[in-house]
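Chains as they are written, first to last, in numbering that gives the first Met the number 0: chain A, 0 to 107; chain B, 0 to 868.
Calculated from the structure, these hints are not laboratory results. Each hint should be verified, as a subset may be incorrect.
One side of the interface only, derived from the structure: several residues of chain A facing chain B at Cβ under 8 Å [what the hints assert, rightly or not]:
1) L14
2) A17
3) V18
4) A39
5) Q46
6) T47
7) R50
8) R51
9) K72
10) K74
Partner residues are not named here, just some residues of chain B that face chain A (Cβ under 7 Å, in silico) [what the hints assert, rightly or not]:
11) D23
12) E26
13) Y33
14) T58
15) K61
16) I65
17) D131
18) E537
19) N563
20) P565
Just so it is clear, the structure is predicted and the values come from calculations on it, not from any experiment. Even for Gly, the Cβ is constructed at its ideal location relative to N, Cα and C.
Okay, here's what each chain looks like letter by letter:
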Amino acid sequence: MKRTHLGEFEEVVLLTVAVLHENAYAIAIIDEMEERLNRAVSIGSLQTVLRRLEKKGYLTSEFGEVTKVRGGKRKKYFTVTNFGRNALEAKKNERMGFWGDITGMAFD
Amino acid sequence: MKKVNNNIPPKWVLHFFRWFCHPDYAEDIEGDLYEKFDRNCQEYGQKAAKWKFIWAVLTLFKPSLIRTFEITLLQNTTIMFRHNLKLSWRLLFKNKGFSLINIGGLAMGMAMAMFIVLWIKDELSFDGFHTDKERIYKVMRHVTSGDNIRTSDIVAWKIADVLRTEIPEIEKVARTNFRNPMVINNGEHAFKEMGFYAEAEFFDIFSWNLVAGNAKTMLSDPTSITISVALADRYFGETSDYSTLIGQTIQHNMEDVGELKVTGVFADIPTQSSIQFDFILPIDIFYKRESRGLDSWDNSNVQIYVQTKKGIDNQAINRKIVDIHNEHIDHFRSDLFIQPLTDLYLNSNFKDGKLSGGRIGYVRIFAIIALMIVLIACINFMNLSTARSIQRAKEIGVRKAIGAEKNRLVGQFMGESFLLILIAFILAILLIPLVLPSFNALTDKNLSLVNIDTATLLIFASIGGLTALIAGTYPAFYLSSFNAVKILKGTFQQSANSARFRKSLVVFQFAMSTLLIIGTITVYQQMQYIRNKNLGYERANVLYMPLEGNMFQQYTALHQELLNEPSIEAVSSANTVCMEIMANTHSVKWRGKPAGSQQSMDVLPIDFDFTEVMNMEIVQGRSYDRAYARDSFNYVINERAMEIMGFDNAVGEELSFWGNTGQIIGVVKDFNSASLYADINPIIMLVRPDWNENVFLRTQPGQTAAAIVAMERVQAKLNPDFPFEYHFLDETYEKLYKSEQTISQLALLFTVFALFIAGMGLLGLSIFSVQRRLKEISVRKVLGAEMGNLVYLLSKDFIVLILIAFVVATPIAFWVMQDWLSNFSFSTNLGLGVFFFAAGITLLITLLTIGFYAVKLMVINPIQALQSE
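Using the sequences and the accompanying hints, generate a full structural model.
Here it is, written out as structure tokens:
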């Protein structure tokens with residue numbers, strides 16, 4: 000399996016989608032990220048990342064139902080694919096590897 | 000629970016987003032935007048929410064989200080093209096009336112613009128056929144006299160010598176002098192010809208086409224004459240080889256000059272030359288004849304043309320030559336400068352020593368008018384096209400439902416417009432040769448399409464192209480933006496925004512029309528003013544004849560014979576016509592003249608009885624009387640002269656100039672001695688019958704024909720060798736204003752056209768308006784509304800529009816016309832009458848529109864309109 004690089008932002012977005020489980024659409028993702036990370040996320044940057052992740056194969060998407068709100072436009076729900084999950088886990092193991100080898104006295 | 004929010008995000012931003020966003024992504028992102036917007040409204044208020052919305056959309060403008068712009072390549076392009084063409088063609092014939100009005104209006108508009116282009120091109124090309132024309136100049140001078148500066152092209156004889164020897168930047172110099180018409184007689188007929196005295200370099204500087212003779216030598220013999228082909232044909236009869244005429248003699252009427260031998264023949268001077276002549280005499284003849292003071296620096300009597308070396312800046316030359324004359328005179332200033340040949344025709348008015356335009360002003364005005372006309376015609380086209388849009392609605396709806404893209408529809412409608420415009424363009428081109436003769440008659444020109452050059456053709460084509468672009472785009476885009484769903488459902492309603500846009504177009508049209516109306520009326524009024532102004536002397540019933548040949552010696556006999564005629568009331572003579580006084584002097588001395596002041600005064604040599612012939616009013620003292628022998632040495636001055644001299648009572652005061660001292664015996668009321676563009680100059684009149692060149696006579700009112708017969712008889716008796724020639728003074732006066740006359744008539748033509756077009760624009764709008772509110776009107780009718788109420792309801796919009804147009808246009812028109820009138824020293828007032836008249840006309844058009852409404856409304860069958868509900 001070829002290793003593709005996962006940027007920091009991309010990783011956080013994937014994690015958020017995983018956390019939100021079945022409720023992962025753009026607005027919800029932004030809300031969650033802003034709350035957890037305490038920083039502003041613009042719709043533009045998020046959407047770009049979402050499409051890119053979908054193209055890379057880390058996410059899939061499907062349309063929700065039509066509702067009266069949102070001017071009748073459907074929501075797009077994202078879910079993390081297996082491929083995406085594997086990438087996330089690989090990243091996580093990498094990090095844990097580092098942490099495991101750091102002695103207490105490394106930080107001054 | 001979500002609170003229902005009635006606020007909507009900014010529409011334009013939304014449209015922008017929908018435009019750039021990739022269609023696959025658009026839906027859910029838009030939904031997100033809405034949701035965020037609602038939330039922000041609740042949290043931060045509507046204003047902040049809107050800003051956040053805009054910001055969000057801007058952040059979405061990223062390459063990965065933007066749609067791919069593809070030019071959809073149609074496989075069946077040719078089929079579609081032919082289909083569209085067929086459809087457009089059928090549509091044309093289906094609405095014959097509408098198409099006719101549309102095409103007709105456009106064709107007329109384009110044709111007018113093209114005429115103006117031809118006219119402008121002709122004006123701009125005057126004097127343009129000389130090689131090296133940018134190096135050719137005329138020597139002019141600013142003469143300071145008192146407190147005003149007069150500019151003249153008549154300069155001193157010796158200046159040419161100085162220019163030849165001391166100014167190396169000047170390559171060639173040629174003196175010329177306008178020669179009074181010379182009469183030649185070939186034994187059968189007498190002809191009056193116009194020409195110049197000139198030096199040999201005259202043919203070197205300018206590119207006059209020599210048909211026979213040697214340019215370098217033909218003027219060196221003082222008994223020679225160079226003639227035009229036309230003159231040669233008249234005198235010698237037509238011939239195929241003009242070189243045979245070299246050496247032949249011409250009989251003429253100059254007493255002190257011997258026989259003249261033809262030494263050269265030149266091609267007729269083109270009409271586009273501001274310098275016109277049929278013969279050239281060597282200037283040596285002039286030098287010998289007019290030797291009184293020709294060499295003196297105090298006198299100016301020739302025109303000098305020069306050609307500079309390549310690459311010389313004329314300002315540098317101006318600095319060098321400015322004082323050449325001043326060095327040799329001491330009681331007035333005469334600053335020399337050179338004026339480019341190319342400016343002589345269009346740009347040669349001077350006021351107070353500065354260039355103040357000239358005919359070029361008219362060229363610019365007409366260019367603007369051409370543009371305005373094209374615009375008006377385009378706007379008209381746009382309005383009429385969109386007015387019929389409801390009828391196309393179903394077709395558009397179906398096409399869109401089947402899957403036509405907006406761009407395709409745009410293309411289709413532009414194609415239709417182009418077809419119409421193409422037909423109009425062809426019509427316009429065909430119209431031009433038909434109307435050209437009348438246009439030439441109107442503008443006193445000789446425009447022809449024979450040697451039309453590519454630049455003009457390009458301009459014509461761009462007129463067509465511009466029209467197509469302006470007039471075709473808006474209707475195309477408007478029609479293709481219709482909402483297919485709404486149309487097919489039947490709930491289609493034309494938006495208020497589009498109506499507003501079209502209304503502003505009509506306002507624009509009417510504003511321009513109002514401008515044109517006011518302009519035309521003002522010009523017309525000024526012409527009337529000019530025609531009717533009391534100039535201070537009688538114009539009607541006054542005729543004059545040139546005093547030449549034998550008549551000159553036999554003046555007394557002539558005087559007596561004419562006076563004997565019952566149809567002639569008074570006879571006298573003068574040097575020139577009142578409105579062309581050419582002599583002036585600086586050297587007048589009167590009692591109390593401030594030392595060192597230079598004051599130029601015009602001099603008019605006359606004969607006894609002149610003031611009676613001209614019915615001039617004497618305000619002080621008396622006019623000339625034969626009973627007083629000394630009157631031959633006395634002067635009559637005008638009020639302006641008296642004012643400058645500072646006298647309250649001038650009678651008895653002594654005046655001296657030109658070596659003669661005499662008394663002022665009378666003061667005449669000021670009369671206009673030049674065109675009404677100029678102020679009244681001080682004038683001194685003196686009795687000098689032997690200087691006079693014209694006989695003036697006043698006829699009994701209504702007896703002009705008899706008087707002319709008598710004049711001819713006397714002329715034949717006393718001076719048979721000369722052709723009989725006479726002029727009406729009022730005709731001569733009106734000739735001064737030939738260009739203004741032309742402008743006036745052209746302005747009228749344009750205004751009528753603009754009004755016609757604007758009227759049609761209003762028509763289109765009202766059709767559209769009725770259509771739009773068809774249901775509303777029908778319901779009102781059914782409910783029993785009165786005709787009057789309905790008409791008022793619908794037309795009050797238009798009255799407001801027209802009022803707005805009027806209010807907008809009036810100040811602009813006022814400002815422009817004031818500017819034009821200020822060129823005249825004597826002008827009519829820009830009174831309220833003009834504006835009321837313009838308002839009246841616009842009101843008339845409004846009433847006509849309302850009348851049209853009434854008719855249309857009466858015809859509406861409310862049942863039919865409501866049936867589809």
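Comparing the hints with the structure gives:
1. L14: Nearest chain B Cβ about 20 Å off; hint violated.
2. A17: Constraint on A17/A not satisfied, violated at 20 Å.
3. V18: Given a least distance of 19 Å, the restraint on V18/A is violated.
4. A39: This hint is violated: A39/A lies away from chain B, its Cβ roughly 11 Å from the closest one there, beyond 8 Å.
5. Q46: holds (6 Å)
6. T47: Constraint on T47/A satisfied, holds at 5 Å.
7. R50: holds (6 Å)
8. R51: Since the shortest Cβ distance to chain B is 7 Å, the answer is holds.
9. K72: holds (3 Å)
10. K74: holds (6 Å)
11. D23: violated (9 Å)
12. E26: holds (5 Å)
13. Y33: holds (5 Å)
14. T58: holds (3 Å)
15. K61: holds (5 Å)
16. I65: violated (11 Å)
17. D131: violated (66 Å)
18. E537: Violated. Min distance 86 Å.
19. N563: Violated. Min distance 105 Å.
20. P565: Since the shortest Cβ distance to chain A is 101 Å, the answer is violated.
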